[in-house]
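Participant: Here the protein sequences come in this chain order: B and R. Per the working numbering, the very first residue in the first sequence carries number 663; after that it's consecutive. Per the working numbering, the very first residue in the second sequence carries number 5; after that it's consecutive.
Don't take every hint at face value.
Said to hold, decoys possible - Cut-off 20 Å, straight-line C-alpha distance, at most; resulting in silico cross-link-like pairs (EDC-like, lysine to aspartate or glutamate):
(1) R:Lys108 with B:Asp700
(2) R:Lys19 with R:Glu71
(3) R:Lys19 with R:Glu36
(4) B:Lys732 with B:Glu686
(5) R:Lys112 with R:Glu71
(6) R:Lys61 with B:Asp700
(7) R:Lys108 with R:Glu12
(8) R:Lys100 with B:Asp721
(9) R:Lys61 with R:Asp85
(10) B:Lys671 with B:Asp700
(11) R:Lys112 with R:Glu24
(12) R:Lys69 with R:Asp85
(13) R:Lys13 with B:Asp700
(14) R:Lys100 with B:Glu734
(15) B:Lys745 with B:Asp700
(16) R:Lys100 with B:Asp692
(17) R:Lys108 with R:Glu83
(18) R:Lys100 with B:Glu677
(19) R:Lys100 with B:Glu762
(20) R:Lys100 with R:Glu12
(21) R:Lys19 with B:Asp700
Calculated from the structure, these hints are not laboratory results. None of the values given here were measured: they were computed from a predicted structure.
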Amino acid sequence: DGGITQSPKYLFRKEGQNVTLSCEQNLNHDAMYWYRQDPGQGLRLIYYSQIVNDFQKGDIAEGYSVSREKKESFPLTVTSAQKNPTAFYLCASKGTGQYEQYFGPGTRLTVT
Amino acid sequence: AQRVTQPEKLLSVFKGAPVELKCNYSYSGSPELFWYVQYSRQRLQLLLRHISRESIKGFTADLNKGETSFHLKKPFAQEEDSAMYYCALRGNNFNKFYFGSGTKLNVKP
Numbered sequence: 663d664g665g666i667t668q669s670p671k672y673l674f675r676k677e678g679q680n681v682t683l684s685c686e687q688n689l690n691h692d693a694m695y696w697y698r699q700d701p702g703q704g705l706r707l708i709y710y711s712q713i714v715n716d717f718q719k720g721d722i723a724e725g726y727s728v729s730r731e732k733k734e735s736f737p738l739t740v741t742s743a744q745k746n747p748t749a750f751y752l753c754a755s756k757g758t759g760q761y762e763q764y765f766g767p768g769t770r771l772t773v774t
Numbered sequence: 005a006q007r008v009t010q011p012e013k014l015l016s017v018f019k020g021a022p023v024e025l026k027c028n029y030s031y032s033g034s035p036e037l038f039w040y041v042q043y044s045r046q047r048l049q050l051l052l053r054h055i056s057r058e059s060i061k062g063f064t065a066d067l068n069k070g071e072t073s074f075h076l077k078k079p080f081a082q083e084e085d086s087a088m089y090y091c092a093l094r095g096n097n098f099n100k101f102y103f104g105s106g107t108k109l110n111v112k113p
């Protein structure tokens, strides 16, 4: 464990509010990822970034936004446009030329 | 389109029984396949990679290109194998991965 952290572990928000999930890594990895994990649906890619100041949409990017201003950080904002935001969110990172993704502990977001 | 299919949501076996977790994929090129595991209250972590052709914790997986499958097998399941298992694929974009829906393995005593 260690190396990639997500905070907070649990997050509660009211419907209509934007919320930002934090992801930090000290592994010097270039690539970072955000996945959404729902029961029975596995991991679905929201956004990924291959390098600082660059990111690409994944399969379910609608209602989400990201930034990659620093190599170590890849925050995810869940906007009010996301129709079903309550979920478990996983962040991951990977080094250039490597094949293994390293995952954070996850953030469980509940929107009511 | 890229797709990874794990047909079983839940697989229950008794301790000592063989176990096979199924994974099928669709990809037009030459994919790289992985198995990730998530034990209770632990992070998702890599279990094995098809290129390595190694056995990790007694698990093996062989890539069958003809059947587009990458099933995970273990001859004698242990209770500590109980976990959520995800099959994943990496294609030509070395930084993009596709995950299956996962199979929960429950090994009963």
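Participant: Give a verdict on every hint.
Facilitator: Now the hints, each set against the structure:
1. R:Lys108 with B:Asp700: Holds, at about 13 Å.
2. R:Lys19 with R:Glu71: violated, 29 Å
3. R:Lys19 with R:Glu36: Given pair Lys19 of chain R, Glu36 of chain R is violated - Cα atoms ~31 Å apart, limit 20 Å.
4. B:Lys732 with B:Glu686: holds, 10 Å
5. R:Lys112 with R:Glu71: Status violated; Cα separation ~30 Å.
6. R:Lys61 with B:Asp700: Since the Cα atoms of Lys61 of chain R and Asp700 of chain B sit roughly 27 Å apart, the hinted pair is violated (cutoff 20 Å).
7. R:Lys108 with R:Glu12: Given that 20 Å is the threshold and the Cα spacing comes to 8 Å, the pair holds.
8. R:Lys100 with B:Asp721: At roughly 11 Å apart (the allowed maximum being 20 Å), Asp721 of chain B and Lys100 of chain R satisfy the hint.
9. R:Lys61 with R:Asp85: It holds: about 9 Å lies between the C-alpha atoms, which stays within 20 Å.
10. B:Lys671 with B:Asp700: holds, 16 Å
11. R:Lys112 with R:Glu24: holds, 15 Å
12. R:Lys69 with R:Asp85: violated, 27 Å
13. R:Lys13 with B:Asp700: The given pair, whose Cα atoms are some 13 Å apart, holds under the 20 Å limit.
14. R:Lys100 with B:Glu734: Status holds; Cα separation ~19 Å.
15. B:Lys745 with B:Asp700: holds, 14 Å
16. R:Lys100 with B:Asp692: holds, 13 Å
17. R:Lys108 with R:Glu83: holds, 13 Å
18. R:Lys100 with B:Glu677: violated, 31 Å
19. R:Lys100 with B:Glu762: holds, 11 Å
20. R:Lys100 with R:Glu12: Given pair Lys100 of chain R, Glu12 of chain R is violated - Cα atoms ~24 Å apart, limit 20 Å.
21. R:Lys19 with B:Asp700: violated, 28 Å
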